[in-house]
Amino acid sequence: MAKRDIVMKKPKDTRGALRRLLRYLGPWKYVIAGVLGLSLISNLLNLWGPSLAGSAIREAAAGPGRVNFEAVGRYASLMLLCYLGSALLGFAISLSMTVVSRRVARNMRQDVFSKLMRLPVGYFDRHQAGDIISRVSYDIDVISTCLSTDIVQIMSSLITVVGSLIMMISISLPLSALTLVTVPVAVGYTVHMRKITQPRYSRRSKSYGVLNGFVEEMLSGQKTILAYAYEKRVEERFDSINTDAADAFADAEHYGVTIGPTMTAINNLGLSLIGLLGGVLYFQGHIDLGRISSFVLYSRKFAGPINAIAEIFNELFSALSAAERVFSLLDEEEETADAPDARLLTRIRGDVKAEHVSFGYLPRVTVLHDLNLEAPAGKLIAIVGPTGAGKTTIINLLMRFYDPGSGVIRIDGQEIRTAVRRSVRGAYAMVLQDTWVFRGTIFENIAYGRENATMEEVVAAAKAARIHPFIMRLPQGYDTVITEDGGNISKGQKQLLTIARAMLYDAPMLILDEATSNVDTATEREIQKAMRELMKQKTCFVIAHRLSTIESADQILVLRDGDVAEQGTHRELMDRKGFYYQLYAAQFE
Amino acid sequence: MKLIWKYAGPYRWFILAVMLVKLTGTMTELMVPYVLEHLLDDVVPASGDAWPVVLWGGVMLFLTFATRFLNMTANRMSVRVARNSTYALRRDLFHTALNLSGRQIDRVGLPSLISRMTSDTYNVQSFVRMIQTMGIRAPIMLLGGIVITLTMDTGLAVILCVTAPIMIALITFISWKGIPLYDKVQQRMDSLVRIMRENITGIRVVKALSKEPYEEKRYGAANAAMARQEVRASVIMSLPGPVVTLFLNLGLILIVVIGARQVDAGVTAPGVILAFLTYFNMILMGVMGLNRIFMMMSKANASAIRIAEIVEMPEDLTPVPEAAAEKPPDDGALIFDRVSFNYDADEGAGLHGQFLGEQRLKSLKDISFSVRRGGSLGIIGATGSGKTSIVNLLMRFYDPQEGRVFVDGKDVRAYDRDSLHRKFGVVFQNDVIFADTIRENVTFGREVTEPMLRQAAKDAMALSFIEGYEDAFDHGADIHGANFSGGQKQRLLIARALAANPEILILDDASSALDYRTDADLRRAIRERHGEATTVVIAQRISSVLALDEILVLHEGEMIGRGTHAELMRTCPEYQDIDIYRTQMSEEVT
Numbered sequence: 001m002a003k004r005d006i007v008m009k010k011p012k013d014t015r016g017a018l019r020r021l022l023r024y025l026g027p028w029k030y031v032i033a034g035v036l037g038l039s040l041i042s043n044l045l046n047l048w049g050p051s052l053a054g055s056a057i058r059e060a061a062a063g064p065g066r067v068n069f070e071a072v073g074r075y076a077s078l079m080l081l082c083y084l085g086s087a088l089l090g091f092a093i094s095l096s097m098t099v100v101s102r103r104v105a106r107n108m109r110q111d112v113f114s115k116l117m118r119l120p121v122g123y124f125d126r127h128q129a130g131d132i133i134s135r136v137s138y139d140i141d142v143i144s145t146c147l148s149t150d151i152v153q154i155m156s157s158l159i160t161v162v163g164s165l166i167m168m169i170s171i172s173l174p175l176s177a178l179t180l181v182t183v184p185v186a187v188g189y190t191v192h193m194r195k196i197t198q199p200r201y202s203r204r205s206k207s208y209g210v211l212n213g214f215v216e217e218m219l220s221g222q223k224t225i226l227a228y229a230y231e232k233r234v235e236e237r238f239d240s241i242n243t244d245a246a247d248a249f250a251d252a253e254h255y256g257v258t259i260g261p262t263m264t265a266i267n268n269l270g271l272s273l274i275g276l277l278g279g280v281l282y283f284q285g286h287i288d289l290g291r292i293s294s295f296v297l298y299s300r301k302f303a304g305p306i307n308a309i310a311e312i313f314n315e316l317f318s319a320l321s322a323a324e325r326v327f328s329l330l331d332e333e334e335e336t337a338d339a340p341d342a343r344l345l346t347r348i349r350g351d352v353k354a355e356h357v358s359f360g361y362l363p364r365v366t367v368l369h370d371l372n373l374e375a376p377a378g379k380l381i382a383i384v385g386p387t388g389a390g391k392t393t394i395i396n397l398l399m400r401f402y403d404p405g406s407g408v409i410r411i412d413g414q415e416i417r418t419a420v421r422r423s424v425r426g427a428y429a430m431v432l433q434d435t436w437v438f439r440g441t442i443f444e445n446i447a448y449g450r451e452n453a454t455m456e457e458v459v460a461a462a463k464a465a466r467i468h469p470f471i472m473r474l475p476q477g478y479d480t481v482i483t484e485d486g487g488n489i490s491k492g493q494k495q496l497l498t499i500a501r502a503m504l505y506d507a508p509m510l511i512l513d514e515a516t517s518n519v520d521t522a523t524e525r526e527i528q529k530a531m532r533e534l535m536k537q538k539t540c541f542v543i544a545h546r547l548s549t550i551e552s553a554d555q556i557l558v559l560r561d562g563d564v565a566e567q568g569t570h571r572e573l574m575d576r577k578g579f580y581y582q583l584y585a586a587q588f589e
Numbered sequence: 001m002k003l004i005w006k007y008a009g010p011y012r013w014f015i016l017a018v019m020l021v022k023l024t025g026t027m028t029e030l031m032v033p034y035v036l037e038h039l040l041d042d043v044v045p046a047s048g049d050a051w052p053v054v055l056w057g058g059v060m061l062f063l064t065f066a067t068r069f070l071n072m073t074a075n076r077m078s079v080r081v082a083r084n085s086t087y088a089l090r091r092d093l094f095h096t097a098l099n100l101s102g103r104q105i106d107r108v109g110l111p112s113l114i115s116r117m118t119s120d121t122y123n124v125q126s127f128v129r130m131i132q133t134m135g136i137r138a139p140i141m142l143l144g145g146i147v148i149t150l151t152m153d154t155g156l157a158v159i160l161c162v163t164a165p166i167m168i169a170l171i172t173f174i175s176w177k178g179i180p181l182y183d184k185v186q187q188r189m190d191s192l193v194r195i196m197r198e199n200i201t202g203i204r205v206v207k208a209l210s211k212e213p214y215e216e217k218r219y220g221a222a223n224a225a226m227a228r229q230e231v232r233a234s235v236i237m238s239l240p241g242p243v244v245t246l247f248l249n250l251g252l253i254l255i256v257v258i259g260a261r262q263v264d265a266g267v268t269a270p271g272v273i274l275a276f277l278t279y280f281n282m283i284l285m286g287v288m289g290l291n292r293i294f295m296m297m298s299k300a301n302a303s304a305i306r307i308a309e310i311v312e313m314p315e316d317l318t319p320v321p322e323a324a325a326e327k328p329p330d331d332g333a334l335i336f337d338r339v340s341f342n343y344d345a346d347e348g349a350g351l352h353g354q355f356l357g358e359q360r361l362k363s364l365k366d367i368s369f370s371v372r373r374g375g376s377l378g379i380i381g382a383t384g385s386g387k388t389s390i391v392n393l394l395m396r397f398y399d400p401q402e403g404r405v406f407v408d409g410k411d412v413r414a415y416d417r418d419s420l421h422r423k424f425g426v427v428f429q430n431d432v433i434f435a436d437t438i439r440e441n442v443t444f445g446r447e448v449t450e451p452m453l454r455q456a457a458k459d460a461m462a463l464s465f466i467e468g469y470e471d472a473f474d475h476g477a478d479i480h481g482a483n484f485s486g487g488q489k490q491r492l493l494i495a496r497a498l499a500a501n502p503e504i505l506i507l508d509d510a511s512s513a514l515d516y517r518t519d520a521d522l523r524r525a526i527r528e529r530h531g532e533a534t535t536v537v538i539a540q541r542i543s544s545v546l547a548l549d550e551i552l553v554l555h556e557g558e559m560i561g562r563g564t565h566a567e568l569m570r571t572c573p574e575y576q577d578i579d580i581y582r583t584q585m586s587e588e589v590t
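Here the protein sequences line up with chains P and Z, keeping their order.
Each residue of the first sequence is one higher than the one before, starting from 1 at the first, in the working numbering.
Each residue of the second sequence is one higher than the one before, starting from 1 at the first, in the working numbering.
For the record, the hints were derived by calculation from the structure and aren't laboratory data.
None of the hints are false.
Below, in silico cross-link-like pairs of lysine to aspartate or glutamate (DMTMM-like), each with a Cα-Cα straight-line distance of 20 Å or less:
no. : chain 1 : residue 1 : chain 2 : residue 2
1   : P       : 206       : Z       : 478
2   : P       : 223       : Z       : 106
3   : Z       : 211       : P       : 111
4   : P       : 577       : P       : 563
5   : P       : 577       : Z       : 521
6   : P       : 206       : P       : 239
7   : P       : 223       : Z       : 416
8   : P       : 232       : Z       : 416
9   : P       : 232       : Z       : 92
10  : Z       : 211       : P       : 334
11  : P       : 232       : Z       : 436
12  : Z       : 217       : Z       : 190
13  : P       : 223       : P       : 236
14  : P       : 115       : P       : 333
15  : P       : 223       : Z       : 436
16  : P       : 232       : Z       : 440
17  : P       : 538       : P       : 374
Predicted model only: the values in this text are computed from it and were never measured.
The whole structure should be built from the sequences, with the hints applied where relevant.
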């Protein structure tokens, strides 16, 4: 098993992707077997049709007054049965394959999401949301479309080609040989054209991508562009991108549009040859007109899949490479599972200790060098320092979003790496600088951390976070739906909502990372009154630019380039007249 | 459709040529089976030797190659038309979009504007390409097939004339039922993607609160709903294929039966039946083609309407003639004279829903101020108090409902837009870094010399980190400056504002991500090196505006205080309120 997984991780491993895709089809293997059986029958019926028609025409060709109507009628009713049956089967087949492929897609989407939930936070720091989402919205869709049509199509193409060929040979060997001549021509031509068009179509998609990106970027900066009278330059750049896109389209299509007419020509060529040779054979009395008729019908059936084969394989390969993208996501390394003997942190007092912790997001780029920190239960620890000094990294380590490279962090003496992750995270309530709300009512957003919260509790939290009056002014109050990116409320209000959420969550410890950076000073002070209530008896970690927020801290950690530069209370640090003093004095200049 | 014609119109003679070529090509294509039938029915039985057969075979071959040549030429010509007309359409659309007023953009919404520029133009492009050839081919196949069969044998042709409309009606009916179902699928997909996006952006919160199982359940429900909806739509949409084939085949059976009767009566030759079967196929393809054309047309039409809405938007905020412009009340460089403003005046809250409307209605009420040349103004107030609206009006992204705005002694409405904007150096709240070099992001197409560039970067406290890159000013920024920290971005934006030594400098919340040290250095540099510029600073912190000539205190769109720091400390209780904290602390420092 493990060995196979390694093989699968290799890029461009089409066979591996195929095998895993088939595993997803596993639960429906009997349905699929049934469908394939039905499609065999349905195609045989379809093939039988022209032969019946040929027989009927042969009967009719007897000439005026000599037509055997009984035979014609018999063939006609057989044709009717045959076509009715094949239509019914066709519908049943496409229906069941649709259901199967949608179920497979659903399972894949669910697997991807569950996987996302198990991935470490670092994965999301490294990958763009748009890219992850496109695997669910686009790639899985490609796979599902391919499953619903291509399996049956490949099967029926195969049957049609083989079946038609057999029928054709049974009618006339020389004519069949003639038809077969056109096959390599058609196949060779498609392969040749694919080589020509493929790079051109991918250039077209690429240039569309560039165009989309440019338009999005420029229109979202429209105000800035106008403010600097930069629009001429932007339009010039757009013109060259637009020209590229138009040219890429024209270039790809220029070759693309020759395929259809050429394929028709190859078919007609075959038809002409059949007409010629058929005529000759007729002269020699080898064949009658009815048989030529059925032969023409079969040769058309035969040509169809041959023409479509390039397209089918195109789809199949794009589905497989889509599957590869999905599987590569599913193969990402997960957060290490809790050890079997991991301890559940319960009744937390809130003593937090970090000993000789070093950490870097990338190998060899150390962000924290040798961090030592002691936060006794119920104390307020402030972390300050210039942008990029490593403040947020400490939070990442405390919450076990990342594990340190070396050193240990303990809660109540228990090393957090050996504790159940859930219980470590549950120990903190957290308000971050990047506020997060989801599409749902305000009530749901505040109650997010605590299921079964009552309306009274939510309102109390909102009041404490000073957002209650704003909520009451909304048309639907607490039932107002806010959107994903919070576009309809301001940044400051979002921050207040997340503060209310943390207040309701009520964990034994608290992390505030720039929690009030988008709130004006007056509101901030209001919130702090409430916060002080919330922070009582709790170990708190506070990061803030505004030093006023943190001067009452029991201990202040001054970070500089990943090291603790100074440590002490506000008064001690002010007396020292060091780095902290400089930072502090700067705000009054 | 009118829009499409407007852009394809200039090529009408060319399009006519395309259609003629395609028409000829379709004709020759239709003649191939006709000749085959002739060959098998008349030539072969009648002639004693092989020459006529070879001759007619040659005709077929000729037709085959002529068809390919003509169709290919027509297709390629149509590609030209599609390319050129879409290019022009996109150019005009981008031009209009870029020059829309703030109010117009609010009305359309940015995401919608972007999708009109991209996927809608692609739709129109492929429609323009296809309609020129398919628009000929499908009707000709259908009509031509019917006409030829009519001339061949009227009785048999009637069968075609009856089945074809039934098929068209069936396909149309099914599509008409099915397409709305796909809209629903799309909606389900949207909510699925939304939940995913929420979880990706909020992964820290989800994990911190251990909500993974809850989120999986939430996603699972949406996922199941999506799958159900998809199956429902697919059931309907998998009908047309088998149904159409069935009808085609029923027609075939009828032709065989009736054909046999007619052969018996001596009215029809057996070869005709065969040719009929071929033409029947052709007519079917015509029907399918027409169906595709209608689907494409409705899709392209929807796109064209969306594009036309933008392209045909009247130019907003055009300069008023000098005569209509008003005279400023004093000689300040920036003057607001009794200005009242809200964002959604003309269409109420309609398009954005109540929520946004409610929030935005309180923009500005009766605001007046005047800043002397080289003077400075600070604007302070709570989130949503209307600070940014003042910038929007100063630079005329909007016109106020009441009152006048003057810049440099002239009504802003009397300026040509670019010459008004050239006076400003501005950093907006949430301003943008573009995916380009640092140099281009700072100079921004203006005539900024290398020394000016360096100086601006230095004044904006950005020089040290820029020079930390090996390629310094040629270092590339990612889209939205994603490879810079918040503080670095703000410093680059400030450098951009300072680079051309503007007459007027506007900083809207431009230093919120900077620590106090850097912020203080920045303020000093601006004071010392850009003292002659008229400056407007919008901020949350008092320290950012403290030293300015005059400070406005805004509260829900109203001016509740105006004066110097010292004056406000005496007259404005709200200002004092914001300030108490600061003074308490500064006592410790001094």
